[in-house]
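Novice: Residues per chain are reported as follows:
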Amino acid sequence: MIILEMINITKQFDGVKALENVNLKVMSGEIHALVGENGAGKSTLMNVLSGVYPHGTYSGEILFQGKNCHFRGIRDSEKEGIVIIHQELALIPYLSIAENIFLGNERAKSSVIDWDKTYNEAAKLLQKVDLEEKPDTLVKDIGVGKQQLVEIAKALAKDVKLLILDEPTAALNEEDSDNLLNLLLELKSHNITSILISHKLNEVLKVADSVTILRDGSTIETLTKDDAISEDRIIKGMVGRELVDRFPKREPKIGEVHFEVKNWNVYDPLISERQVIKDVNIKVHRGEIVGISGLMGSGRTEFAMSLFGKMYGRNISGQVIKDGKELTINSVRQAIEHGMAYVTEDRKTAGLILIDDIKHNISLSSLKKISKRLVINDNQENRVATEYRKKLNIKSSSIFQKTSNLSGGNQQKVVLAKWIFTEPDILILDEPTRGIDVGAKYEIYTIINQLANEGKSIIFISSELPEILGMCDRVYVMNEGRIVGELDRKDASQESIMRCIMQSNRSVI
Amino acid sequence: METIKDVSKNEIKQSGMHTINDILSKNIRQYAMLIALIVIIIFFQISTGGILLKPMNVTNLVLQNSYVLILAIGMILCILTGGNIDLSVGAIAAFVAAIVGHLVINMKMGVAPALLIGLLTGIIIGIWQGSLIAYLRIPSFIVTLAGMLLFRGLTITMLKGLTLSPFPESFQKISSGFIPDFFANFGFQLNVTPIVVAIIFSIILILAQIKKRAEKLKNETEVIPFPLFITQLVLIVFALNLFAYWLAAFRGIPIILVILGVLIIGYHFFTTKTVPGRYFYAMGGNEKAARLSGIDTNKVLFFAYFNMAILASLAGVAFASRTNSAFPLLGNGFEMDAIAACFIGGASASGGIGTVIGAIIGALVMGVLNNGMSIMGVGSDWQMTIKGFVLVLAVAFDVLSKNKSKA
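So the sequences go chain by chain: A and B. Taking our numbering, I'd label the letters of the first sequence as residues 154 to 662. Taking our numbering, I'd label the letters of the second sequence as residues 13 to 419.
Warning: the hint list may mix true and false statements.
The list that follows gives simulated cross-link-like pairs (lysine-lysine, PhoX-like), each with its CA atoms no further than 25 angstroms apart [unchecked claim]:
no., chain 1, residue 1, chain 2, residue 2
1, B, 285, A, 521
2, B, 285, B, 66
3, A, 521, B, 228
4, B, 311, A, 525
5, B, 311, A, 522
6, A, 521, B, 399
7, A, 501, B, 66
Keep in mind that the hints were calculated from the coordinates and are not lab data.
If we strip away everything but chain B, and leave its shape as in the complex, we get (with noise of 0.2 angstroms):
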């Protein structure tokens, strides 16, 4: 026994050492992603000579890109249940936004109502999915696909394969409007409310950080070394002090993100924070271990496709606003964007390990190589051949270092 308790105690000296270690391995690819998409902006800014981060580009990224954000913070709660995808999701936005097209244009019904209809519908498909997925046992591949087919040939149907167009315009402001600039008399050059906002939330991160830090110290918790600790809070206020400026050199705060800026938090703070969102973690990572834990993984299996339709209706509004019109093949493709996003992002295919910022990072390399390319004029059939390749490098690199960790 005299032994065993000499090497615990070494195990716990060196331990101070391995948490450095510890936490860079956890989160590697992450940092690797991110990492990756620093590398591809800096070179699409030098390759389109500066138009990349022209704030008005900056802008567009944001808008253009906000469909697939929004499907990726989803998805990667099905991809998290234990490598469940959803291929529903572009079909869904479709028929979503057909409904909600033929109500507002052909019915001339109100925004708001119209809207809420959409909503519902969202809901009625999650039930429906989200049931034969979690309590019928079909695989989720199989009900999606399934589902794919049905929405878009109900979209068609209902579209009589035309295009609707155009929506009033309190309803293109869902993409294409801002907040308004509270500071707009006092005689700026910019637009300064999103530096404002800025600088709010710079200051509640950094209180919050240092709060968190201290309790940790307090509780004798291992924390990450005080230069690291700095060294990633003023880059993280340095990065949003940095977008705000573009926005407001533009045209300030698009609504969409505001929008997607409460799905990220939330979401995150979901999946992070709270008790049902550990379930999803728990079920990914075994699901026998997670019932047999107390667990009611059908209900959390549920909730994944459930949350997933609902969110795949809002991007279908998000799409139809932006592109004020409501069409058949409207969607198409979007679940493979959402699902290679997951995957750059670092979800594991088996369940159990990803992130919501994770997902984000992956769609944001995705959008800035679109972005990136379209500026440069590269065509869209090698612009699919380059993500293909990125999806696949970036699963690779993942696996090799699994393995390395392994030896």
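Pulled out of the complex, with its shape left as it was, chain A reads as follows (with noise of 0.2 angstroms):
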């Protein structure tokens, strides 16, 4: 019996297509696994399903239990069975473990809150998912993986029928995401239907019984049980994509050894003991491209960041070498000096000023290059964002346009000027292509191809993987903090990628 049918699902983001007429079909008691690469368009299929994206902002129809669905929002889809647990879980932290199972569904009389039947009910909750806590326990006080569970407590609460998680065992070590699947198929037998989206194809081997592969996207194909499902068969799936021509050519003319990091180890900022880099080497030459490839939470930016004037983690251990001399680099003012140049993956949280012009945004950290006994220049500084609006062809009314009125390519141009303007010698790239069409991705690559021509290093954060092997002369690949992986360009595939992450996956589960 069929329990969920989405037909051809059509969801845009400012004339982006984000999904193009995506159909899936759940069977009931059912595991079903969807995968992709990053941006094939998982999660907002299931946010179309869930209804934060309410019905009327996309096309298409959604049947559940055989009957037409118009979700405004999350509460209408939960009142059908439909919960969706986000990656980032979504609990309070100061409240209890009770409170959080029932929020928003408190089990109360006329709005006051009954606690003895909260809690009651809780603790049948907590034992049904297997997790031994007393219901008045802390959020804050337990691990992930409780926290997790306690996240499943709280859709069972909403009685639910078909429960989508999102990347569950993203957080969990090894025997926290076992407990999860297992609580899964526990969870199946009670005829409760589930789609788990995950990256850890032998999760996906483990547990499903169906699975639908995304790319870019669209459906690609639906494989079932029968179809013998094997992990070469799902990266084929999700990777199978021609090459078009869509980089610019380029002839790599590379130099000696410019930049190298050694033994790089980085703690995460908040949790002391965790460590989110580990014994990270890598090398860039002068005029090189060097890809660092990986999948999302791997540690890439983290990594960047780290090495940016440690703007990210603590205990910071490791060597940075430019020209054979070690550098110290204690802020991002030290790091620029030194000619490093970091270009966010996040250009509207951390890559713009958007309440400001054009202008301002490009000036912003090479200030004292345009001003004298720091009084600013503003002829040249007028001149300068003149210079590079042409030169970078951003596409505004003048520089003194405010950048959140700018497309997210020309955005992403402003961000590129800005640090081209420091006259970096290494420019680390992260995702500097996310979120914008293909024009303007092929317009960033020729600036890029040229930037490496002037003789500068390039680090290339990438999760698309088309894109590192056609930008790229040498691919690191990063999982789970650590490099997994080196392929020159005439080695590198995407299957071959893919192998390095899928494997080091393995030997960590």
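Put the complex together from the two separate chains, hints included.
Specialist: Here it is in structure tokens:
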């Protein structure tokens, strides 16, 4: 029996199609895995299903238990028994487990909470999910694995029929992951259907009855038990896209070793015993574009930010060597003075002053260059901004336009302009083309190639494999804070990169 | 690629038109508040039967509001860093006034060393509050709320709940003295000094503006259209000289006005032209991006509160000098006047937007409202109500015009 059918779902963001005619069919009482690369549209699809994107903002139909559904918000979908558990848990740390379980769904008589009932029922639910904690324990006092179970108990309290889990094991260790997967199998025997989004294919193989593969916002195929699901088969489906001429040509002129990082270790800034980056060693030559590939959460951004003036992490140890000399970098200012530049993955929250104009954003990191005794030369600033606006083809009404009014691609060009103006030798580009359209991507690739040809060293971080393959001379593969592979251009392929990641996952789990 | 180029060409062609709109929409709050200020002045000029703009009252307006103007300058820097406010300025003003009063009146110390100690007190308070806010990252609201209680308490303790008075004449001069008339012997009816000063300033201003415009044209950056440029310049010069005439018709240039002028010009220059000034806007606009751009945002935050404490000390001295006394409740509610002035003047409650000139205009709006209503005999209860209404109206206008520009 089919419990859920999503038919021809199409969803656009500002004219960019995130989903195009996606179809998903889930059978009652099965565990259905949803796999795909970052940006393939998995989360978007689940947000459509749970009503985060209300009816009318997408096209297509959702049939749940044979009924055509028009969810206007998450409450509507929960009423039908669809509950989504996001990657970032939605628990309130300073409330008890019981309070969290019944949050928004309180056990109450005419708005007065019935605490006896709350605790009794919570205890029963905790038993169901096999969690040995008291209902009045505060959520902040239990580990992430147990919090995940509380989330599931919360879903059960809502009389869940279809449970959606978005990367539930991403933050869990081996034991907790196993527990969770066993719980899913247990729930299955009680006829609760689950959709599992995961990057860990071994987990998928372990529990899933069928697998739907998404790529670039479209459904590629749905594999069932009859199709003999295998890791190779899934990887092929996830990455099997043809490389069209999406990348500008470049003749690499690679020089001597320019920049080196040795034995880099970083710990989490909040949880001091958690090591985020483990013994990373990389080197970059002059004029070389080196890729760092890896899934989201593999530690790429943390690595880059910890290099760049210790903007992330603590207990950082290791050496940074440029042109054979070791550098001491304790602040962003020092990093800039040593010729480093870091283009953030999140231009809106960390790259731009959105309420300010193009001109001020471009000059922000290099104000010393356009000032004399701390007084800014307005004319020089205008000249610089005008020059970069022209050079990088930033489409805007003038250099006085607010950056919040620019398109994603043009915003990214402003961020690039800001860093190019600091005249760096080493550029770390973190997801430089995230969320921008194909045309602007091509322009940004061209700029990057040009910088490499000028002899700058470029570290190119991306979760999009085709981009890594199309742009980089050499690729480091990162997973769970380690470098798990180094591939030359000729050896690098989507399969070989994915294999590095999957193999290291297996060795950890 | 062909189409992309065409589009950008068209955009460049239109850019001349865009800039006028850009400039207007960017400064709409300031222009609107300036117009509102003029409307309010005209309204009271009529309803008070011409008393408002009598030379004596104009001078009075300056003297009366000097402390709010000083505080608003400091407060705008705090607000710029991210909507943080300083609630302790009234208490700091009282504390410094009490210390100076104690030294001068009870201990018979000279005015100059006493003022120096007052300033030093401000510096110490600034370091204390600035460090807590910037380096320990205790929310400014809490630190300055604590400061408000702390320094008010210390003031009352020091004064034993009593009023200290009178100050020696030289101290009173700060807020009630005038620059001597250099042309007194030439037999003019007016005090000519302000007019001469205004004319000199006008000439400097005109030359500077013309030079700036010429440089911009040479560099092919967009400038405002010539007629608008001329109108602006003429209006500013006119206002400056009219103001000078009023001063001349009374007793000349108040000493406090010179202090104010230096502060306004200095901080305006600091915020608009200098590198550290730019950091305030960057931090308030997006602290994370600012830090990733190599800006030490802790230092910026520290300076905002350090500077505020010093200006609060100055305001305390100015007010004590004007009232010729130091008393326990001196400066009570000053912080609210200063904060309101900044928001009326177009500052954003989340930081990154606002100007020194805007804050000054905001303070003048409040000052003229106070003064005008007092002359009309409106009770202080109604004055407060009306000021509250004006504050909400100004910010509502801001929010509405922003929503409109988004749509």
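Novice: For every hint, state whether the structure bears it out.
Specialist: Here's how the hints hold up against the structure:
{"no.": "1", "hint": "B:285 - A:521", "in the structure": "13 angstroms, holds"}
{"no.": "2", "hint": "B:285 - B:66", "in the structure": "36 angstroms, violated"}
{"no.": "3", "hint": "A:521 - B:228", "in the structure": "21 angstroms, holds"}
{"no.": "4", "hint": "B:311 - A:525", "in the structure": "21 angstroms, holds"}
{"no.": "5", "hint": "B:311 - A:522", "in the structure": "21 angstroms, holds"}
{"no.": "6", "hint": "A:521 - B:399", "in the structure": "43 angstroms, violated"}
{"no.": "7", "hint": "A:501 - B:66", "in the structure": "53 angstroms, violated"}
When the structure is compared with the earlier hints, violations turn up for hints 2, 6 and 7 and for no others.
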